[in-house]
Amino acid sequence: MIPRPVVLAVFCSALALRAADIPRPEFPEPQFERADWLSLNGDWEFAFDDADAGLDAHWYNGSQKFERRINIPYCFESKLSGIADTSFHPWAWYNRQITLPAGWQGRRVLLHFGAVDYQSMVWVNGQMVGSHEGGNTPFQLDITPLLKTGANSITVRALDPPTDKSIPRGKQYWEPKSKSIFYTRTSGIWQSVWLEATGPAWLGSVRTHTDPLGNVRFDGIVVHPKDGDRLRVTVSLNGTQVSQGTEAAALDKASVTMHVQSPQLWSVESPTLYDVKLEVLRNGQPVDTVKSYFGFRTVETRDGKVYLNGKPTYLKFVLDQGYWPDSVLTPPTDAAIQYDIRLSKEMGFNGARKHQKVEDPRFLYWADKMGYLVSGEMANAQGFDERYVERFNREWMEAVNRDINHPSIIIWAPLNESWGVGDLRDQKEQNHLKELYSITRALDDSRLVIDNEGWLHTDMTDLMAIHDYAKTGALLYDRYRDLGKSPVVIPDGGKPALIAGYVYNGSPIYLSEFGGIAFIPPGHDVPPEAWGYSGVEKTADDALDRLDGLYHGLAKIPQIIGICYTQLTDVEQEINGLMTYDRKPKFSVAKLKAMNDLLK
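Going by my numbering, the first residue of the sequence shown is number 1, and it counts up by one from there.
There's no promise every hint is true.
The list that follows gives simulated cross-link-like pairs (lysine-lysine, DSBU-like), each with its CA atoms no further than 30 Å apart [what the hints assert, rightly or not]:
#1 Lys345 x Lys305
#2 Lys165 x Lys495
#3 Lys148 x Lys79
Please keep in mind that the hints were generated in silico from the structure rather than gathered at the bench.
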């Protein structure tokens, strides 16, 4: 076995090496992959437009030379972008020249953006091709009609009003400097940009439905179909075909149902994934081919517990903010994603609560591959009004639809601690809370949904998620020891567990935030304003002793069926991580695993 310091050194060296190459060169969306694609990550021309003069001056047609350069997909606030400017710049412009591969002539060309925060407008060769609103979700544009032989220009204008609290921004702070639980902003392009070539009709999206008996249905949307077009789906396991089906496209929809004999289930211990080839056929010949994958996995609650594939499962989650020192919200490399998941599993966690972030699809891909459960969240806003409701609902639905096929995701949690709904005495805000539960359930009835992560629940939640930063295990035990008595009374953590007038619906009780123990390793520098949720311990032994006490207290409360420790890493001034911000473990990984092993 390679010693951990050597592994960490190799990991950090890999980060530095890859930063010098084309960044994030892997295919950005592994659940929907075409063979003919071209990464547009790397060097782009860039300009700030603090006076908002660019539109009127027609910057999109080459009238303005962008003097700066930026390294995409990193936001301009990050070091890896090459700019590292964290001051307010609401408007930013990007430009890049491209020449298409020779083999793409006569084909449709799709331009993809993983995420642009917050509003974006896109031009090709000086002509506008489309726009998008929402800083956390992807969009694609068919740019074929605007392309020409030889060099082509792609221009993007991004608007991210830094102080607008009705924008879903998660932990991005709306003031100039990070403070408390809020961190550096992410503006403009912050996920991969790429091109794909396809045929005259192509697969726009697919939803995969499975059951544990081996039945699987693929509901596809076909763009620009003609009468007679068909969708063919081939399912394989370890390179061997196990099923195939073909159905005609009715208007733009095509649904293929098939059966897999003796299905192997996806689980944390054995994350079996089936490979899928989806082909749009015209006159019997494929005009578009997409690679994907899926897993057979069920999740449900009954008798106060969570069941995966029919087996009771204790949720051992860790709160993962998904921030990095040099790249902010963008994972610096694919290796960095794998490292975080691997270390979490070695610590004894079986999943993560991706906190206030719609995470990079490559994270979910590796969670699927490595057997790691995920609670999927949305980046929340801080102010409630009608515009916020429209923005949030639209973007949350886009996020769910983007990630709906990942077997690793077992929980959806659109809202955290009443963010965006600060006055739940207001019936409108209550309606929004319940509406999000219903919308999510309408889109996806195969997962658990939490109405309000942490407190102030309605009677519409599949898990009673509570947040409690009690300093000791004895305090936790004293607070929750009577959960087994009838009628069940849910203690208040930070705020009441239920909105006034609502009654506990019997859903399983999930301690989805606890701990928050801060410790600064010797020789490690942190900001002067560094803090932790439940105080700063002077030594690693003191921190571990207190953490061990919390786990022993939890082990005596069988009615709590899952936990989420705050948190995986330090982030800027918040230092209650099990690892430092640069991903060095603060404590013995083996001791952390032994604590998690107490919970069953």
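Outcome of the hint check:
Proposed proximity of lysine 345 and lysine 305 is supported: the alpha carbons are some 22 Å apart, at most 30 Å. The straight-line distance between the Cα atoms of lysine 165 and lysine 495 is roughly 22 Å, inside the 30 Å bound, and the hint therefore holds. Between lysine 148 and lysine 79, the direct Cα distance comes to roughly 35 Å. Violation of the 30 Å bound is thereby established for this hinted pair.
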